[in-house]
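Visitor: One-letter residues, chain by chain:
Protein chains: 2
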Amino acid sequence: MATASSSSNVTEVEAADPERAVERSTVIDLGSNTFRLVVYSSVRDAWWKRTDEIVEGVRIGAGTEATGALSEEAMDRALHTLTMYARFCTASGIEHGAVKALATSAIRDATNRMEFLRRAEHDSGLEVRVLTAEEEAWYGYLGAANTSTLRDGAVFDLGGGSAQLTRVEDRHAVEHESWRLGAVRMTERFLGEEEASKKQLKALRRHAREELAKATWFAEQGPRIVAIGGTARNLAAAAQRLGDLPSFGVQGHVVGREALDAVVEELAARPASKRGEVPGIKPSRADVILAGATVFQAALDVAGSDAFEVTDSGLREGVFFSSYLAPADPPLFEDVRRASVLNLARQYGANLTHAGHVAKLALELYDGLAEAGVHKPDDEARELLWAASIVHDIGVSVDYDNHHKHTRYLVLSAGLPGFTPREVALIGQMARYHRKGTPSPGRFAGYMGNGDAKLLTRCATLLRLAEQLERSRDQLVESVRVSADDDRVVVTLTSSSDLCVARWSAERMADAFAEAFGRRLEVAEP
Amino acid sequence: MATASSSSNVTEVEAADPERAVERSTVIDLGSNTFRLVVYSSVRDAWWKRTDEIVEGVRIGAGTEATGALSEEAMDRALHTLTMYARFCTASGIEHGAVKALATSAIRDATNRMEFLRRAEHDSGLEVRVLTAEEEAWYGYLGAANTSTLRDGAVFDLGGGSAQLTRVEDRHAVEHESWRLGAVRMTERFLGEEEASKKQLKALRRHAREELAKATWFAEQGPRIVAIGGTARNLAAAAQRLGDLPSFGVQGHVVGREALDAVVEELAARPASKRGEVPGIKPSRADVILAGATVFQAALDVAGSDAFEVTDSGLREGVFFSSYLAPADPPLFEDVRRASVLNLARQYGANLTHAGHVAKLALELYDGLAEAGVHKPDDEARELLWAASIVHDIGVSVDYDNHHKHTRYLVLSAGLPGFTPREVALIGQMARYHRKGTPSPGRFAGYMGNGDAKLLTRCATLLRLAEQLERSRDQLVESVRVSADDDRVVVTLTSSSDLCVARWSAERMADAFAEAFGRRLEVAEP
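Note that the protein sequences, when read in sequence, are chains W and R.
First residue of the first sequence? That's 8 in our numbering, and the numbers climb one at a time after it.
First residue of the second sequence? That's 8 in our numbering, and the numbers climb one at a time after it.
Note that these hints are calculated values from the structure, not bench results.
One or more of the hints may lead you astray.
Identical chains blur together in the list; that is why a pair holds if it fits in one copy or across any two.
Subject to a maximum C-alpha distance of 25 Å in a straight line, what follows is the list of computed SDA-like cross-link-like pairs (lysine to any residue) [stated by the list, open to error]:
{"id": "1", "residue 1": "Lys-443", "residue 2": "Arg-27"}
{"id": "2", "residue 1": "Lys-412", "residue 2": "Arg-429"}
{"id": "3", "residue 1": "Lys-281", "residue 2": "Met-455"}
{"id": "4", "residue 1": "Lys-443", "residue 2": "Tyr-454"}
{"id": "5", "residue 1": "Lys-221", "residue 2": "Arg-174"}
{"id": "6", "residue 1": "Lys-412", "residue 2": "Gln-207"}
{"id": "7", "residue 1": "Lys-205", "residue 2": "Ala-28"}
{"id": "8", "residue 1": "Lys-412", "residue 2": "Ser-254"}
Since we're looking at a predicted model, the values are computed, not measured.
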């Protein structure tokens with residue numbers, strides 16, 4: 008959650024060192040359901056971003072539940088896909104030795120895995136490393152802990168082959184367990200080809216419950232759960248759609264028990280081949296999603312929890328973070344929310360001297376108004392104002408015209424791990440209204456609660472006022488002080504120079520300010 | 008229009024040289040209505056982009072029609088603004104000597120201009136250069152000729168103080184004229200403070216007609232007219248809104264006579280202070296837009312033309328192009344449309360080796376299908392397919408997920424000068440559907456004509472097929488040949504390697520292909 012350091016250190020925000028080269032890291036994740044090649048580009052201590060990806064629904068785990076071995080057809084699909092990935096790497100100038108090709112449960116547990124690994128290296132030239140269940144859990148934890156605010160609780164990673172559960176205390180992974188409860192496996196073991204009966208679902212849920220209950224701490228603590236993996240992402244997307252919520256990704260979305268049950272009901276009412284028609288569910292996952300959803304129900308049953316939250320990142324990002332954040336041990340961002348905001352700002356080349364100063368002035372106004380009794384301060388609102396100030400101009404990287412709207416588009420599209428969709432929408436709207444227009448929740452109202460419209464209007468107004476004071480972008484207005492009486496707020500500017508333009512610009516804000524705070528704005532020099 | 012070279016040279020498309028530094032050029036345009044500071048960033052022979060801007064509605068021309076001199080209040084606003092701009096430059100590391108601060112008609116024609124220039128330099132440290140009417144027309148022409156396909160016709164630049172008309176032959180400016188017909192001037196001379204009577208409008212239109220008729224070639228030729236300046240942009244935006252057209256900028260929009268008349272009617276029905284309520288009209292321009300619109304009516308009257316088209320660029324871009332494109336004489340892009348597409352691709356860091364090869368394969372498919380009699384070729388469609396192929400991946404710069412949608416967003420937001428909104432929408436939709444989904448004009452249907460839905464479906468399908476063939480991004484499929492019979496199209500791939508994956512990927516396109524071309528797709532090796 009909001010930490011003091013994330014907002015008080017605004018003046019220490021630094022731009023990326025242009026001398027530092029962009030590094031690329033390539034991870035190939037040979038999962039039970041899909042093979043995924045991912046390229047991360049990054050500049051150390053500055054920004055990171057997934058910049059390329061190839062996905063192929065290989066379904067290498069198909070059939071293993073019955074025979075214990077990878078089938079010839081599945082292996083064939085896998086080898087062709089891996090060969091294509093290898094060609095992609097060569098074409099992209101990525102040395103095969105630098106590629107981290109990692110296999111998880113389906114391959115790990117197959118009786119003929121040595122044959123597969125040998126053929127994989129022969130055909131593609133890539134050396135595939137099989138992760139232990141422990142490693143699989145560890146990387147999943149790193150992915151989740153670096154993209155959520157989880158301090159104490161559990162990371163639950165449901166894949167096609169297995170499920171990993173990691174117990175987190177004070178952000179550290181303290182124990183983990185792994186079960187063969189993956190969605191592909193559970194489908195083959197418990198569900199029919201097309202229709203799923205109540206009885207089958209019940210048996211599956213009971214089995215999953217019994218397994219998961221072996222982690223006694225999970226049942227006892229009823230912990231906060233951060234979920235990763237494709238099943239979790241699909242369930243969150245379906246829950247958003249069923250709940251008529253605006254969808255700009257599932258990062259940080261909280262799926263309540265009722266929402267999950269509603270999704271399961273929709274899925275169970277359809278034959279397997281039609282489950283991809285439930286909005287939010289990918290057709291390529293249609294036949295295994297119901298089993299995965301049922302395992303999630305079982306997890307909530309065991310933990311006695313009301314909800315799980317979703318993060319987009321997982322094993323692959325964990326692998327990336329383990330080198331990007333080294334030598335930190337464990338390799339975690341100090342403050343995930345702050346890291347996300349700065350990541351976005353630097354990715355899109357924001358002028359952080361300007362943005363950082365706008366943030367400073369905006370927070371001085373925020374705090375000053377609180378001290379003067381004009382509004383009640385709130386740590387979260389203050390942090391959102393800081394975030395919006397830092398990213399307010401990134402839309403210029405799309406086009407100067409309408410850059411306030413482009414900023415919102417980038418914030419919503421690229422996302423801010425560590426923030427909920429509601430918070431991301433608030434930051435996006437604050438930035439959207441940093442130049443003109445009347446702030447309102449607009450199409451994001453579905454995420455907003457009581458008081459959010461007011462919070463938005465006030466923060467957007469302070470951001471706009473700070474931007475006006477920093478219009479010449481040279482930190483001319485060094486700082487501000489606020490005093491107030493019943494119908495008037497006086498903002499006193501400190502500077503060593505002539506402030507005529509800054510005052511002139513700020514005074515145009517009088518109407519918007521009166522609208523937001525119900526008092527007249529006056530701008531004064533000391 | 009579409010030129011052979013723009014599509015046949017696809018393999019010569021080159022990425023920007025990373026060694027080349029980004030250069031910044033700063034222009035301050037001291038216009039009669041607004042002062043505008045603009046920063047262009049560019050890499051020679053690669054890309055250019057407006058990356059910063061400050062606009063201030065200074066209205067320095069206000070009152071000059073009566074007295075001939077800049078008023079004390081107007082001068083005061085101007086000097087404060089200029090001082091802020093100078094501070095901005097200092098803060099941005101832009102030397103004052105490198106700033107091109109250029110004054111146009113309102114200052115040029117003022118009796119006290121020397122006093123203003125002296126005070127401007129004293130207060131801001133910026134040396135303001137007054138453009139002659141000839142220079143003003145020249146730069147406007149460069150802005151228009153580099154962002155439109157105008158070969159023979161006229162560039163009409165209506166500002167706050169004056170109007171410039173440039174005659175263009177074979178893309179060269181061959182003569183120009185200038186009149187004191189600017190929107191601020193005409194408002195003060197002909198219209199009342201609030202209501203505009205029919206009589207006043209008639210007198211204004213007659214006056215403008217008489218003046219413009221002095222350019223006899225204009226009346227005789229009835230030329231194609233490309234219009235620049237804020238009045239033209241606002242009229243185009245209003246015409247789009249009145250016509251219920253989707254609005255993603257006015258670049259390239261054609262305003263027909265009837266649409267213009269309808270906008271004038273809306274404006275004339277309101278008092279001056281309310282004209283900013285007409286959708287598309289900026290409030291800061293509300294009081295002078297009607298006079299400007301009437302001058303446009305007069306221009307169409309004199310030329311006997313049915314329409315004018317609008318480009319976003321003008322004098323400021325002309326100043327930029329004059330150095331960016333030097334030593335070309337005149338400083339013009341060889342092919343505006345091709346330059347726009349490559350500009351966009353390079354700005355957002357597209358992999359042009361991959362994109363160029365996708366374009367090559369897509370055009371080989373397009374041409375092959377034409378030769379085999381499967382469809383009728385069309386130069387424009389072919390060029391749009393080329394353009395969509397080149398930019399199809401730029402959305403990755405926003406975020407990898409949904410990058411096809413982000414590409415469309417960037418294409419629509421940043422624009423493609425030289426293409427009409429219809430063409431931009433088609434390119435955007437082709438790129439949007441380069442991975443999945445069923446291509447359709449969607450919310451852009453308002454711009455589409457007969458046959459455009461089919462054109463879109465076919466081009467998007469070929470782009471997707473080419474992308475599948477180039478999936479490993481290593482130009483594995485060197486080229487394609489097409490043959491066809493009544494119910495089947497055979498695409499034969501040429502390569503020196505094993506094509507299993509390429510065939511496998513392409514064959515998944517069979518349904519989409521059958522939908523688009525009504526024949527079965529087969530992918531073969533020679």
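Visitor: Next step is simple, just say for each hint if it's right about the structure.
Guide: Hints, verified against the model:
In this assembly of identical chains, the alpha carbons of Lys-443 and Arg-27 never lie at most 25 Å apart, being 37 Å within a copy and 37 Å across copies at closest. Taking CA atoms no more than 25 Å apart as the test, Lys-412 paired with Arg-429 passes in both settings, with 18 Å inside one copy and 22 Å between copies. Taking CA atoms no more than 25 Å apart as the test, Lys-281 paired with Met-455 passes in neither setting, with 33 Å inside one copy and 34 Å between copies. For the homomeric pair Lys-443 and Tyr-454, the shortest alpha-carbon distance inside one copy (23 Å) is at most 25 Å, but the shortest distance between copies (29 Å) is not.
Taking the closest pair of Cα atoms, Lys-221 and Arg-174 come within 25 Å of each other only inside a single copy of the chain (13 Å); across copies the shortest separation is 84 Å, beyond that limit. In this assembly of identical chains, Lys-412 and Gln-207 lie within 25 Å of each other by CA distance neither inside one copy nor across copies; the values are 49 Å within and 40 Å between. Proximity of Lys-205 and Ala-28 under a CA criterion of 25 Å is satisfied in neither setting, with 56 Å inside one chain copy and 65 Å between copies. For the identical chains of this complex, Lys-412 and Ser-254 are neighbours both inside a copy (17 Å) and across copies (14 Å), given an alpha-carbon limit of 25 Å.
In summary, the structure is inconsistent with hints 1, 3, 6, 7 from the numbered list given earlier, while agreeing with the others.
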